[in-house]
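Participant: The chain contents come next:
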Amino acid sequence: MEKILLALAGNPNAGKTTLFNHLTGARQHVGNYPGITVDYKEGSLTLGNQRFTLTDLPGTYSLTAYSEEEVVARDYLVNQRPRVVINIVDASNLERNLYLTCQFLELGVPLVIALNMIDVAKDRGIEIQAEKLAELLGVPVVPIIARNGQGTDKLMAAALTVAQEDKSWCPRDISYGEDLDETILTLLALINERNFLTHSYPARFTAIKYLEHDDLILAKGQVESKSTALEIETLVTAVSEHLLKTTEVYPESIIADHRYGFIKSILRQGVVSQRFNHDRLYTTDRIDKILTNRFLGPVAMILILFGLYQFTFTWSEIPVAWMESIFVWLGDLIRNSMTEGPLRSMFISGIIDGVGGVLGFVPLIMFMFFGISFLEDSGYLARVAFMMDRIFRIFGLHGSSVMPFIISGGIAGGCAVPGVMATRTLRSPKERMATLLTVPFMNCGAKVPVLALLIGAFFGEHKAIYMMLFTLLAWLVALIAAKILRSTVLRGAPTPFVMELPPYRFPTLRGLGIHTWERTWQYIKKAGTVILAFSIVLWAMMTYPGLPENQQAAFDAQRQAILSNTAVEIPDPTIPPNQLRQPAMNQQEQLAAIDILESETTLRYSMAGRIGSALEPVSKLAGFEWRTNIALMGGFAAKEVIISTLGTAYSMGEIDAEDSQPLGERLLKSPHWNRVVAISAMLFIMFYAPCFVTVVCIAKEAGSWKWAAFSIAFNTLFAYILALTVFQVGTFFGLG
Amino acid sequence: MSQTLIIILIVTVCVIFIGLRLYRQYKQATSQTPSSGCSCSCSGCGNSCPSDDKDQS
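Which chain is which? The protein sequence lines are A and B, in order.
Everything in the first sequence is counted per our numbering, starting at 2 for the first residue and increasing by one.
Everything in the second sequence is counted per our numbering, starting at 1071 for the first residue and increasing by one.
It should be emphasised that the hints constitute simulated quantities derived from the structure, not laboratory data.
Heads up, some of the hints might be wrong.
To be verified - To spell it out: a stretch of chain B is covered by chain A in this simulated footprint if at least three of its residues, at any positions, have a beta carbon under 8 Å from a beta carbon of chain A; those stretches are:
#1 1073-1079
#2 1084-1090
What the hints assert, rightly or not - Straight-line alpha carbon distances no greater than 30 Å define the calculated BS3-like cross-link-like pairs of lysine-lysine that follow:
#3 A/Lys168 <-> A/Lys155
#4 A/Lys431 <-> A/Lys701
#5 B/Lys1097 <-> A/Lys526
#6 A/Lys670 <-> B/Lys1097
#7 B/Lys1097 <-> A/Lys701
#8 A/Lys707 <-> B/Lys1097
#9 A/Lys246 <-> B/Lys1097
Ideal Cβ positions, reconstructed from N, Cα and C, are used throughout, including at glycine.
Bound conformation, chain A alone:
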């Protein structure tokens, strides 16, 4: 049986992705803030015997090409021609949401309206007569609650009925006043006569888009027929000038006014009734009076951020220690049960010390994601974006840049890849590019365990404070970098910004559990697959080629010499017992020194060691020894690899490999690490080249590999200068 194509469309944060996930069983990310979906996604479902393909379109306020999402949504509808469009409408913001519905009606797509969040509307005292609304709009209207699936069966039944009718597109006419209506009629005649763009859009829709100065339609018109396009543009210019002279208003504004007039005329016919006084402050407004207050808001934000990290570090401390003990025990178990050889070394130094270091942070990651999911689901993250807008404008960025920053890990624990993709919401190409190049500065979920490791090892007494400081620093550095870019290679005027604040919602325990587990499981899965593979390969690169026989023989000869020298002294009966111990101790120390020198020489002689050593003259200025260099290079594949590589390198290096220890303790004991080196390393890791996948995404979104190369070079140079400065200044003042 033929699969029916359905599309989910609506305003941002109306609940499209929630409904999509409910209907298809998918687990697309849902957040209580606008702009989560910037591309469309497809899923399948079966209703009775009928199979459907369901497409989740990005949230849009209109079908005019103002932003990338609007272009994606409109192109999809026009090119794919879904059998039914399910328009998700937020019942608690009906008037504003119906603005998009008007445009669907004008486009003529077969429509079913899902009146979502009907429970929120009721709580606000809003009563909606769905049957009346359906009658006036001429399309089915079904009240639903997408969060718990209430009403979705009826919705799908209505969609199936409309799909089975299989009607052709039937555009609705809305009056835009005498002047515009007359022009539209003239344009209609011209468009129909010349079949101008009629294969893509209804004639009236094209005429209205010309009046709205839709850039994409104008460009398509030029391609279709330059002469017709010019005629239409001349007519539109004439009416625009006339309107400006007589009313001082552009046609776009008149069209918007009349659409809202159309909506109001429907709503006033007994569709909506308000039980409460309009001036009543809703709970959301009351909370916002404090949390988005010009002075109290930032204080509350800092406190919430600190609370998140305090919660994360405090609650995860004991489970993290358990995890470390498990990996130490595992290491000892393998050491005692396997004979010495390269395979044992691979298991202990490569897998357990490498992957174990990453997996040891699972409890910390879990608690952090729980806290972030709480903030996200409650709607607080949208308030952070709202407050940051004021600051962003100072640095030449757009308010819409805030959400990509947060998605990339602005609060910690995000990912730069969806962050880069989220920049599609920005309309100005230069603001978009500046955002695109600076979002990788945020502390993504892969950087968090690296920071947690170093903060835990060197600043264990104030973990939450340091984590918060590094988060704020990431924002500050990203904003400074953006300012530099906006003042040099990406100079341009700022564009205005309007942000929608969703209502606060108390997150459900189930929702929090699912979000936390999904993200934690991704972390575990990545550690068990990609990180494991990288750990083994890097272990091999740190092991092979082994030392040449002559060098090994030289070390053996040194050992023999020590043993033979002390062997002469020990049997001497004239030396008292307390003095006998000193040569024996000296002998042990000398032998240990030879062992350390041999393991370090072996590691340096290996493939990875040679690369790390080659970079040491430059990296040493920032405080990084050759082993750290190996880890930092591995971090280009995925930032978690930094931990696993450090684990392997310090397990095989100068610290006694036979002594199982957590990586933090190894670093703390290493003479090459101190507090200044740790800060310098953290700064470098936070700001150097983004990981491989992010770089590819930057190239794709920027439309050029030059920007991707710029991102690698600019970030690495920037991070190096920062790390070098901190290390040199810190060392000069003896802060290590």
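Chain B: place on chain A using the hints.
Facilitator: Relative to chain A, chain B alone:
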């Protein structure tokens, strides 16, 4: 000697796995398909999950 052979085998498998993974990530990130974009399997990357089918009856 046998240990060295096992290690060569394991490392080869790992290199192939990483190569395929990076290639897939590259292809997914540069493709224009609906599920394009996030393919890094990162813990913070919520948009990476592919859509699963679910029957609703």
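Participant: If a hint holds in the structure, say so; if it does not, say that too.
Facilitator: Hint-by-hint comparison with the structure:
Coverage of a stretch by a chain is defined here by at least three residues with a beta carbon nearer than 8 Å to that chain's beta carbons; for the stretch 1073-1079 of chain B and chain A the count is 4, and the condition holds. Taking a C-beta to C-beta cut-off of 8 Å, the stretch 1084-1090 of chain B contributes 4 residues in contact with chain A, enough for the three needed, and the coverage statement holds. Taking the CA atoms of A/Lys168 and A/Lys155, the gap is near 20 Å; set against the 30 Å cutoff, the hint holds. For a cut-off of 30 Å, the pair hint linking A/Lys431 to A/Lys701 stands: about 16 Å separates their Cα positions.
Only pairs whose Cα atoms come within 30 Å are accepted, and B/Lys1097 paired with A/Lys526 is accepted, the gap being roughly 21 Å. For the hint pairing A/Lys670 with B/Lys1097, the CA-to-CA distance comes to about 43 Å; that exceeds 30 Å, so the pair is violated. Simply put, B/Lys1097 and A/Lys701 have alpha-carbon atoms about 11 Å apart, close enough for the 30 Å limit, and the pair holds. Distance check on the hinted pair: A/Lys707 and B/Lys1097 sit about 18 Å apart at the alpha-carbon level, within 30 Å; holds.
Only pairs whose Cα atoms come within 30 Å are accepted, and A/Lys246 paired with B/Lys1097 is rejected, the gap being roughly 54 Å.
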